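What follows is each chain in one-letter form.
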Amino acid sequence: MNYRQLVITAIILLLFAVIGTALVVYTFDNTRDRIAANERATLLRKLHQLIPPDAHDNILLDDAITVSDKSLLGTSGEVTVFRARKAGQPVALVITAVAPDGYSGTIKLLVGIRADGTLNGVRVVAHRETPGLGDAIDETRSDWIHQFDNKSLDKPALDRWKVRKDGGDFDQLTGATITPRAIVKAVRQALLYYRDNKDTLFVSNETNQQDNKP
Amino acid sequence: MNEPTYSHILKEGLWLNNPGTVQLLGLCPLLAVTTTVINGLGLGLATTLTLVASNVTISLIRKLVRPEIRIPVFVLIIASIVTIIELAMNAWLHDLYLILGIFIPLIVTNCAIIGRAESFASRHTVDRALLDGLAMGIGFTLVLVALGGMRELIGQGTLLAQAQLMFGQFGNHLEIIFIQDYRGFLLAILPPGAFFGLGFLIAGINIVNARRERKAALKSTPAAQPAQA
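Quick mapping for you: the protein sequence lines, in order, are chains A and B.
Per the working numbering, the first sequence starts with residue 1, numbered consecutively.
Per the working numbering, the second sequence starts with residue 215, numbered consecutively.
Note that these hints are calculated values from the structure, not bench results.
Remember, predicted model here, so these are calculated numbers, not experimental data.
Idealized CB from N, CA, C, for every residue including glycine.
Be aware that one or more of the hints could be misleading.
[What the hints assert, rightly or not] Have a look at the derived ranges for each label pair, beta carbon to beta carbon:
| id | chain 1 | residue 1 | chain 2 | residue 2 | range |
| --- | --- | --- | --- | --- | --- |
| 1 | A | Thr42 | B | Ile391 | 21 to 31 angstroms |
| 2 | A | Asp143 | B | Ser221 | 22 to 32 angstroms |
| 3 | B | Thr339 | A | Leu23 | 20 to 30 angstroms |
Given only the sequences and the hints, what does the whole structure look like? Please build it.
Following this line, the structure appears as structure tokens:
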């Protein structure tokens, strides 16, 4: 192949790269808003499982702050807290806590806590637990996750926040102990975080970093 | 080169040279996604769309592209098409995208697509390339759905669970629960179940083929020879 052919061939290849990229960019531009709206709708639908739509009158997705606390929220990264208010009064919040010690990696949770410190409920958003065993933590697979509804740090007492096998009050799953253990612990830690920070969590209107309490 | 007839192209894609059970191409998504019928159907349709679009495009440009650079050009075209399909699915079939999302980019690496581009679309006219993409895609979808059905039935005791992800409200009534409070047969859902399922599927197809060949031999008409896997 001589020099001239080489250039022509390269130009043809370049042409295809440019056309391909142009088409992808065009599609991206035209789907971007829709995809963002879809993602917001999906998130809002999940949040509304934990905070009923009529319990608040603010825009949940916009009334959010990010905090971080490695020991209580399970991740060194930022954790988003969505806050629900009615007529300006705090109603509840949802913490996107993480259970770091699942059977196959981290389990992402939504922990809904009412202003009085009781649980509105817990949902698993993302996990990689064993299908058929550990994945019963998913609300679509079993009711297991509903046992957290209305629980709080006093109900059961703090030292009973374990699975039954470890002497606590929470059911484990047949064939899977590590997964429920990780979630029970993560929910307990999230409640502790709320107890320690509830004065500040509802206050700030801007995204801000909470100081780690010792 | 002789142009194959339309009916021959259809037969090749759906049965004789099915990408899933005969060519054994695209096993990665085939085995990973087929835990339910709906998952299989979703990925099958996305793959079919990609195959048709890439076959048509490649057939159209087949005279423009020098043989030396055809592979990079094919890869570029297929990657662009898959990205566009992924974005479109995220925008218009968001719930299904949440389930299949991580597998859609894998279509890029589905050898069935570049295989058809190289061995068929780049050598034949647009109409035949389109039909070939459609036949191969539907053949692949059928395998995905069959395997998804087997695994869902054995693993969960249901069929068409979560059909609403694909068919909207109407899909809510499609789910068939065969066994109430079925504890599930874990192996069927786990990856080994996919291998077993595919093995049984191919064995079944081979039995049917062998029977047809015997019948054809009795009539002493020339039997269609299935391509080697």
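Quick rundown of the hints versus the structure:
{"no.": "1", "hint": "A/Thr42 x B/Ile391: 21 to 31 angstroms", "in the structure": "26 angstroms, holds"}
{"no.": "2", "hint": "A/Asp143 x B/Ser221: 22 to 32 angstroms", "in the structure": "53 angstroms, violated"}
{"no.": "3", "hint": "B/Thr339 x A/Leu23: 20 to 30 angstroms", "in the structure": "24 angstroms, holds"}
In terms of the numbered hints stated before, the structure departs from hint 2 and from no other.
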